[in-house]
Structures are given as C-alpha cells and as structure tokens.
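K.L.:
Residues per chain, in single letters:
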Amino acid sequence: MSGSFAGFVRDARRRGNLVVQPRMGFSDPAEMRAGLLATKRARATAVGTVTLDSYTRVGDHDAVARALAEGLALNGYPIVDHDPATTDGVLAGVRDETFPVQVRHGSPLPESIFAALVSAGLDATEGGPVSYCLPYSRAPLKRAVRSWARCCERFATLADRGVEPHLESFGGCLLGQLCPPSLLLAMTVLEGMFFRQHGIRSMSLSFTQQTSAAQDEEALRGLHRLIDEYLSDVDSHVVLYAYMGVHPRTPAGSFRLLADATRLAVRGGAARLIVKTPAEAHRIPTIRENVAALEYAAEVAVDPATRRLVGESVADTGVHAEARALIEAVLDLHDDLGTALLLAFAAGYLDVPYCLHADNRGRARARVDGAGRLRWTAIGSMPIGHLVRPPRDAGVTSAELLSSLHYVERKYDRAALHAAPTRELRAHELDAGPGVAAL
Amino acid sequence: MPDLKVSRRRVLLSSVSSDSHTWNLVFLQLLIEELGHEVVNLGACVPEDELVAQCLRHDPDLVVISTVNGHGYADGRRLIGALRRTGELAAVPVVIGGKLGVAGAADEQYAAELLALGFDAVFQDGADLAGLARFIESVRPLEVTA
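Protein sequences appear in the order of chains A and B.
full-length UniProt numbering puts the first residue of the first sequence at 1, with every later residue one more than the last.
full-length UniProt numbering puts the first residue of the second sequence at 1, with every later residue one more than the last.
Isolated chain B (complex conformation) (with noise of 0.2 Å):
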C-alpha cells in the first residue's frame, strides 16, 4: 500500500517584493491545502534575499510567486535569477501566476521572456486554476517517504 506522503508536496507561496496583497495568497493557500498538500506561505512584500533564505530553510518540493500589482514581470525577472543563481535551489520548481503587467497586450511577451529566465510555468491573468493544481500533481517530491 503506498504511503499517503508519497504525493504530499510541500509548497512554498509567496508575492513579490513590491507586492502588498494578500487575499490572492490566503485563497491558493486554501486551494493546495485542499489538494492534499503543505503550504508554507511567506505572506505579501517579500524582498529575494528571504524568499531564497527561507527556500533554503523549507526545501520546498515547489515554488508558487503570486502576484496582482501589475509588477509581476519585473519583480519576477530579479526574483528567479536570485533563485537560480543559488546552487542548491537551481532546479527547483518555480511557477508565478497573476498580474504580470499593467498592459494586456505586452503580457504574453513577458510570459516567453520569464519561462526562458528560468521560471518552470507562467499563468496569466484569467488562466484556469486546474492549470495550476495539474502542474503541482506534476512535481515529484524530493525526498519520498514510502
């Protein structure tokens, strides 16, 4: 019989670092928590320095940047390279999800140029959630305790 652990991911959920929003964050925590898995969430205004700091603390199996003040595309481009530029966290997964922009039209530009930055998946304003959910069912847990 597998163990229950075995799919249970542990995501870290966070905004940006100009980002003072929360209820974007309190719903995903919701959200994940009710397809099985643990969430450790950073909360709103989150400089890169502790969001790498607290990566290393929690050894997430994934990422999750929220984002919705329209500063998405260049908090998230400063943000993924501190990540990368970590050793032990250069293959973690990381998704962002939001407002990317201020202008529509620009936005589909800013998801290329963030995926080829190094993020693993881009979902824009008005994707669907399920989106995300498939993506989290995606990621294989680091460290499996069957």
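Bound-form chain A, shown alone (with noise of 0.2 Å):
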C-alpha cells in the first residue's frame, strides 16, 4: 500500500534512496511535532521517530502523570498517557504519503502502547518478545511472549481499515555491544517469524554495526540470505543501526563512525538506517544536531566512493552458518515459535553474552580479537560448537571486558586526532580510563 511506512521505504529502495531515520522523542506536543517537521524538511530520504519515555516503557503511568502535571521534561514522547487529540495534533499535516512515522519504545508488555498507536492509527513500530524483555527489563521472557503475541495480533488488524501494519525486530541489537553477529541474525529472523506466526506481514529485520567493517558487511549479506531462506513469503526489508555502544567523544570520532555505518549500509543492501549524533557520549541529542546527522549520512549513501564499492566480495568466516544452526536448533523445539523461544533460552540454546536477566543462561562470552572482530570466547549450551572453537582461557577479565566495550570509541578518537592534528585533543583525555557512567 502506498503511503505507508512499509510502502515509503520500498519506493525509496526502488529509487536507490537510503531511507534515514533519528531517534526523537520529546514529552511536550509542540516539540514534538517540531522535531518531526525538522525530519521532515532534513535533505535527506527521511522518516520519522517518535520515541517514547522510559516511564511508560516500563509502564509506571502515575510517574508520567506526576512529571506532566508537573510541566516536568520526559525522554520521550508519553504516547498512552497523552491525549489521542494531542496525539492527532502532534502528527496532523505532518505525517503523510512523503513522510511516515514510527513509534520506538522499548516495552517488554506494550499492551497499551499498541492500543494508543492503533488508535493514533499509526502503521510502523518496533521491538519483539526478546529483544524489549531480556537486554532491559526484569520481565519474565514468558510474559512478554504472552504479550507480544496479543499485541502482534492485534496491530495486524489495521489491515482491515487498509492500513499495512510494519513491525520492525530489535533482535539485531540485544546489548548492543559484544554480540557476536550470528546471534544477532538469528535473534532478529527468529523475532520475524514469531511475528509472522501472529498475523504481521510486513516486517523488517534489523543488525547493528558492530566493531570490524569486514564482519559487519559479511553479516548484513548473511542476514539477506536468512530473509530469502525463513522469511521469503513476507515484505520486509534490512534495519542498519548506527553503532548502539559507547560512543566516540570527538565530533570528528562520532562523524567518521556515523559515516562507516552509512557505507556499511549502502554495501550491505540495507533499506533503512538508524542514525547517532555527535552529542551521545554526552547527553541527549537536540533537534537540529539530529538533523545534521541525518542530512551528513545522506550525503555520505550517495557519495561515488560510497556506491564504488557495492557489489565487492567479502569473505565468509561463517557468520551465515552460525545463525542458521542457532535458528534450526530453534525451530526444532516446537511449531510454536514463542514456546521454542522460551526453551531455547531455557536450554541455552540461544545465550546473550552478559545478559544479566534472570531467564538467560548467562554462560556465553564474546570480546574483540586482535584484529577488531567479535569472536566468541565461550559458547556455553548454544549448538554451534561444530563452528565455533572458543579459546581455552576463556575468561574475559573486568579490563578486558572494559577495553572491548570501548574499542569503538578508542579507535575512532584516535583516528579523529590523527587526522586532525591541529585539534586541541590532549593524548591524556582518549587515554584516560573512562568512569564507570561512561558505559
């Protein structure tokens, strides 16, 4: 259908658009709908984000409450809390054919999240029964099982009034740092066939850049040959998440990153891409510094340089075969995904590597090698073990641990500082440990 989110970013394909999107959420109306006609006007093939507060993704309605008859600022926008006339004035004239909108919450239960966006009549969200409950949530993996399947049923009805509901998986992010790649395919196809299973068929799958360029392409190309292989009687289309973990501190740091994920995406066939700012390794980002990030990636998709290199071979070190066996060991527990899901991560089968909730084994281990890629370091239950020969020392040490979380951002300020050497970057502040709030 046209003049949905589904239909948008398949035009914009068509065309060889890269479709880029902020991550935007305001509590008050009027900025709200400022930062999205801000989006909106960016020079670039954009759509929009409303971003939801913490409060109602974890759904503590008297804080939202409280804080707006308090005239106090939220980090998102309160979507159930609000309104639905606010709501409707918020996208009114803004949301149309050339400029979809996409609510991102985070909610493991999004039962009334889903009830407020169906009623808003909003076509394209995101999340899944894994992603929104294990990373963040002290949830059991079992309700929100329970949860996203009466919700993916129940967005799936917009169908009938002519509107083509899309949900996109976050399973392509989980931590968002130190997962491995194939445990990232396998989440984010499995969540895709769960919501297929319930009524949804439009979906994207999603992958987040991770430390090594090589492995990132490599994974991208795999999850394509996932979609055509578990997902081929479905519309979809590939997610690409500006790196998720801990940011460089330089803008020319940030900049170089956001620039490596837009040409990962271009490379890698994805449709969409997420975009980060300069400011987040500090604060939340503005209105205007989202726009110059989206307008910078959107100069950089169709740069000749960045469009040379489609097409070239990249090697297969197994990232494809590795989440195929984690998604055929899933299916082979139950016809119903939700029930394989849950014992999977009840047998270990699948296993998130330092993920502290309580329904995750807990056992697998991942750092960055020698050469930047992710590799496993311990694989706990999960059956890849005819793939993957972890190292005998297979304990990862608190300063291990601490200078994988931030290679991205070491490598990416220390790049900044050589290439600007007149920069007033002192040695000492990209050397200097970082404080624990920095992770």
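Mixed in with the good hints there might be a few duds.
[Stated by the list, open to error] Where chain B lies over chain A, by a calculated footprint (3+ residues, C-beta under 8 Å): (1) 136–142; (2) 202–208; (3) 400–412.
[Said to hold, decoys possible] Pairwise CB distance ranges, derived in the manner of DEER restraints: (4) B:L115 / A:A65: 26 to 34 Å; (5) A:R389 / B:S7: 31 to 39 Å; (6) A:G385 / B:A112: 51 to 59 Å; (7) B:R8 / A:A371: 33 to 41 Å; (8) A:A371 / B:R134: 35 to 43 Å; (9) B:L115 / A:T86: 37 to 45 Å; (10) B:A133 / A:A65: 38 to 46 Å; (11) B:A112 / A:T397: 48 to 56 Å.
[As the list claims (entries may be wrong)] Computed footprint of chain A on chain B; a stretch qualifies when at least three of its residues, placed anywhere within it, have a C-beta under 8 Å from a C-beta of chain A: (12) 14–22; (13) 27–35; (14) 39–48.
Just so you know, the hints here were simulated from the structure itself, not pulled from any lab data.
Note that CB positions come from ideal geometry on N, CA and C, so glycine has one too.
Assembling the complex is the task here: the two chains are given apart, and the hints tell you how they should meet.
P.N.:
Quick look at the structure:
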C-alpha cells in the first residue's frame, strides 16, 4: 500500500535512496511536532520517529502523570498518557505519504502502547518478545512472549482498515555491543518468524554496526540470505542501527563512525539506517544535531566512493552458518515460535553474552580480538560447537571487558586525532580510563 | 594460618529502580570477583522492595549500588530509606556510585545528602575505582569462619 511506512521504504529502495531515521522523542507535544517537522524538511530521504519515554516503557503511568502535571520534561513522548487528540495534533499535517512516522519504545509488555498507536492510526513500530525483554527489563520472558503475541495480533487488524502494519524486530541489537553477529541475525530472524506467526505480513529485520566493517558486511549479506531462506513470503527490508555502544567523545570521531555505518548500510543492502549524533557520548541530542546527522548520512550514502564499493566480495568466516545452526536448533524445539524461544533460552541454545536477565543462561562470553572482530570466548550450550572453537582461556577479565566495550570509541577518537592534528585533543583525554558512568 | 574465607566478603550488587543499564554491573561484578569476593548481581531496574528482600535473603557484607541514567539521587534517596527502615539492614554498609544527577554542578550537593540519608560512601562519576576497592577491603565480614 502506498502511503504506508513499508511502502515508503520500498519506493525509496526502488529509486536507490537509503532511508535515514533519527532516534527522537520529547514529552512536550509542540517540541515533538517541531522535531518531526525538522526531520521531514531535512535534505535526506527521511522517516520520522516518535521515541517514547522510559516511564511508559516500564508501565509506570503514575510517574508520567505526575511529571506531566508538574511540567517536568521526560526523555520521550508519553503516547499512552497524552490525550489522543493531542497526538493527532502532533501528527496532523506532518505525517503523510511523503513522511511516514514510526513509534520506538522498548517495552516488554506493550499492550497499552499498541492500543495507543493503533488508535492514532500509526502503522509502524518496533521491538520483539526477546529483544525488548532480556536486555533491559526484569519481566519474565514468558510474559513478554504472551504479551507480544497479543500485540502483534491486535496490530495486524490494522490491515482490515486498509492500513499496512509494519513491525521492526530489535533482535539485531540486544545489548548493543559485544554480541557476535550470528546471534544477532538468528534473533532478528526468529522474531520476524514470531511476528509472521501472529499475523504480521510486513516487517524489518535489524542489525547493529559492531567493531569490524568486514565482519559487519558479511553479517548483513548473511541476513539477506536468511531472509530468503526463512521469510521470503512476507514483505521485508533490512534496517541497520549506527553503532549503539560507547560512542567516540570527539565530534570528528563520531561523524567518522556514522560515515562508516552509512557505507555499511549501502554496501550491505540495508534499506534504512537509524543514525546517532556526536552528542551521544554526552547527552540526549537536540533536534538540530539530529538533522545534521541525517543530512550527513544522506550525503555519504550518495557519495560515488560509497557506491563504488557495492557488490565487492566479502570473506565468509561462518557468520551465516552459525546463525542458521542457531535458528534450526530453535525451530526443532516446537512449532509455536514463542514456546520454541522459551525452550531455547531455558536450554541455553540461545544465550546472550553478558545479559543479566534471570531467563538468560548467562554462560556465553565474547570479546574483540586483535583484528577488531567480535569473537566468542565461551558458547555455553549454544549448538554451534561444530562451527566455533573458543579459546581455552575463556575468562574475560574486568580490564579486558572495559577495553572491548571502549574499542570503537578509542579507535575512532584516535583516527580523528591523527586526521586533524590541529585539534586541541590532548592524548590523555583519549587514553584516560573512562568512568563507569560512561558505560 | 588464617582461613582464606576470612577476607572474602559477600557483595550484593544492584542498580536503581528506573535504570536499565547493565554494562556497569557486568564490569563491577568482574572487578569485585577479581578482588577475591563473592558477588550477587541483581541486574537492572531493581524495585526497592525486591532489593530489601534480596538483602534479607543473601545477608551481604556490603551492598554496592551502581547507576548511570542520571536518576541516582532521586532513586537512591528512596532506596536507602527502604533499607534503613528494615531493622536487619539498618547497619549493613551501603555505597552508591555512578552518575547521580543530570547536571554535573549539583551532583556534589547530592553526594552530601545521600551520605546524610544513610549511605556509607558515595563515588561520583569519574571517581577512582581503587576507592571502591579500598572501601570493600575496609568492611569486616559479618560472619567470620576462621
């Protein structure tokens, strides 16, 4: 259907344009509307974002109501607590066939959020039963699976009103860093299959920029193969998230990282890129900073130097084979995807490294190797032992963990320093051990 | 010969109720374990009543609260009240560290208030981790099995 989020991305892809999108949410309706309008006017093929606040994410509507009554700013748009007429006012004349809008939230139990966005006629959102539960919440996975099944079914009913509902899996992100690509691919494809089982016919599968451009490109190509193998009967596209881990502290380093994310999106055949801004290391970005990042990514995307690299071969180091082994092992457990996911996490067939959630086994570990690639150091019970041989010294020390977490920040800040020697960047600012708060 | 268990403390590690970040907790668990102590890691978004229940269950020598979302002062204030109101936990050492507020300047004031409310130490963003290590070493294990 034209005019829909999915249709807009399809048309842009047909014309060879990378769709770019910010992460943006404000509690004040006027500011939210201003942010959407600025995104719409950006010199880029952009779609809008309404990111919800973290009280709405955890379902603490009393806290939202208090904040709204006292006029306190929240870190996102509280779509459940704002009057539907208010949300209509934010979107009226902004959202149209040239500018679709997606709601981003992060809730493991999103019934009220789905109710609000269905009533606002919004056709695009994101999340997933695993990817919105394990990384950031204490909700039992079983409850999240049930809740997301109900929400998908409710969202799918938009089709009866002539609206094409589009759901993006956040499975390609999980904790944002230190997860080898194969598990990210398996997770987003499995969530996509879960969405399909509950009536969703249009979806995006995700991946997050990690530590190595070559490994990331191999992963994106692997994701396309997996979609052909497991999800060829639904409408889909690939969305890439610009790096979600600890960000460079220098603006130059941050822009280089975004440029690499854009090149990766183009080379890896992603239809949509969600950007980050140089403010990321310090605070929530302003509207202007978001627009600057969108326009910069749009410029890099059409740069002939970026386009020239499309189609070059990339080494197969086994990312696709590992992901496929994980997916097959989960599918073997049960015909119902939700049940299969619960069984898989209980058995440790899926095990997110460093995830503290009670329903995650927590035996898998990974780190950045000498070549900058993410590598398993322990696989727990994941059925990839025939494909991966973790080193014997599997222990990751606190110092190694910190070094891996800050690998990208270090790499891009140093590159920025060497490329711009006139900048007043003192070496100790880059090398100083970051405070734990920087995590 | 002293029993090795004498110097081994049980540390209960937790975030505050509104903070979903966990990398800080993963890192601190490894660090504290490397110092030779046992860690019970409660993870992200721990409500006050659950923190109290877990403290009663695990009987830690020390409670370490780590928070980075800028709500450390607001959430920490409520949390220490809940712990200190619980008779068995009135005297357990509790420290908090990370990012306590969203504005750097006001955070010094926050530290003083949190100490007054019953925290035994406050480690601000950027504080030396050796300070935490020294504090842990200074805590006497409650149950000595010499």
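K.L.:
Each hint should be assessed against the structure and marked as holding or not.
P.N.:
Quick rundown of the hints versus the structure:
1. Note: the region 136–142 of chain A has 3 residues with beta-carbon separation from chain B under 8 Å; the three-residue rule is met and the coverage holds.
2. With a threshold of 8 Å between beta carbons, the proposed coverage of the region 202–208 of chain A by chain B is violated, since 0 of its residues qualify and at least three are required.
3. Under the rule that three or more residues need a Cβ within less than 8 Å of chain B, the assignment of the region 400–412 of chain A holds, with 3 such residues.
4. Take B:L115 and A:A65: their Cβ atoms lie about 32 Å apart, and the range 26 to 34 Å holds.
5. The hinted range of 31 to 39 Å is satisfied by A:R389 and B:S7, whose Cβ atoms lie roughly 37 Å apart.
6. Range check, A:G385 to B:A112: Cβ separation about 54 Å, and the 51 to 59 Å hint holds.
7. For B:R8 and A:A371, the hinted distance range of 33 to 41 Å is satisfied, since their beta carbons lie about 38 Å from each other.
8. A hinted range of 35 to 43 Å for the beta carbons of A:A371 and B:R134 is consistent with their spacing of about 38 Å.
9. Look at B:L115 against A:T86: about 42 Å separates their beta carbons, and that is inside 37 to 45 Å.
10. Judged by the Cβ atoms, the range 38 to 46 Å given for B:A133 and A:A65 holds: they are separated by roughly 43 Å.
11. The supplied range of 48 to 56 Å is broken by B:A112 and A:T397, whose beta-carbon atoms lie about 35 Å from each other.
12. Counting residues of the region 14–22 of chain B whose beta carbon lies closer than 8 Å to any beta carbon of chain A gives 4, which reaches the threshold of three, so the coverage claim holds.
13. As drawn, the region 27–35 of chain B meets chain A at 5 residues by the rule of a beta-carbon pair under 8 Å; at three or more, the given contact holds.
14. Check on the region 39–48 of chain B: 5 of its residues sit with their Cβ under 8 Å from a Cβ of chain A, so the three-residue criterion for coverage holds.
This entry does not satisfy hints 2, 11, going by the numbered hints stated previously.
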